[in-house]
Amino acid sequence: MQTNQQRSQIKPGIQVRIILKQHQQSGKLTDGIVKDILTKSSTHPYGIKVRLTDGKVGRVQSVLK
Numbered sequence: 000m001q002t003n004q005q006r007s008q009i010k011p012g013i014q015v016r017i018i019l020k021q022h023q024q025s026g027k028l029t030d031g032i033v034k035d036i037l038t039k040s041s042t043h044p045y046g047i048k049v050r051l052t053d054g055k056v057g058r059v060q061s062v063l064k
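In numbering that gives the first Met the number 0, the protein residues as written are 0 to 64.
Since the hints were derived computationally from the structure, they do not count as laboratory data.
Be careful, since some hints might not be right.
The calculated lysine to any residue pairs, modelled on SDA-like cross-linking and capped at a C-alpha distance of 25 Å, are [claimed, not checked]:
no.: 1; residue 1: K64; residue 2: T52
no.: 2; residue 1: K55; residue 2: I32
no.: 3; residue 1: K20; residue 2: G54
Computed spacing ranges between beta-carbons, pair by pair [as the list claims (entries may be wrong)]:
no.: 4; residue 1: K64; residue 2: Q24; range: 27 to 33 Å
no.: 5; residue 1: L63; residue 2: L37; range: 16 to 22 Å
no.: 6; residue 1: S7; residue 2: K27; range: 23 to 29 Å
no.: 7; residue 1: K39; residue 2: Q1; range: 16 to 22 Å
no.: 8; residue 1: K64; residue 2: Q21; range: 23 to 29 Å
no.: 9; residue 1: K39; residue 2: T2; range: 15 to 21 Å
no.: 10; residue 1: H22; residue 2: T52; range: 15 to 21 Å
no.: 11; residue 1: S61; residue 2: Q24; range: 17 to 23 Å
Backbone N, C-alpha and C fix where the C-beta goes; we use that ideal spot for every residue, glycine too.
Please take these sequences and the hints and turn them into a complete structure.
The following block contains the structure:
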């Protein structure tokens, strides 16, 4: 299972790359810092849903180091 699918691997303050709902078709990704974790379950097949510090909401595609 990938890191982006596991809630335990996503923490507030880490830098991630997300896909916004309106960009799911195009695949355009957005970088930001996690403010809140919105997915309640421990895993999600499309990525954990988060809110970034700038207010954007999307599913984590990758964790940036």
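Report task. Hint by hint, work out which the structure violates, then give me just those numbers in ascending order. Result -> Those not satisfied: there are none.
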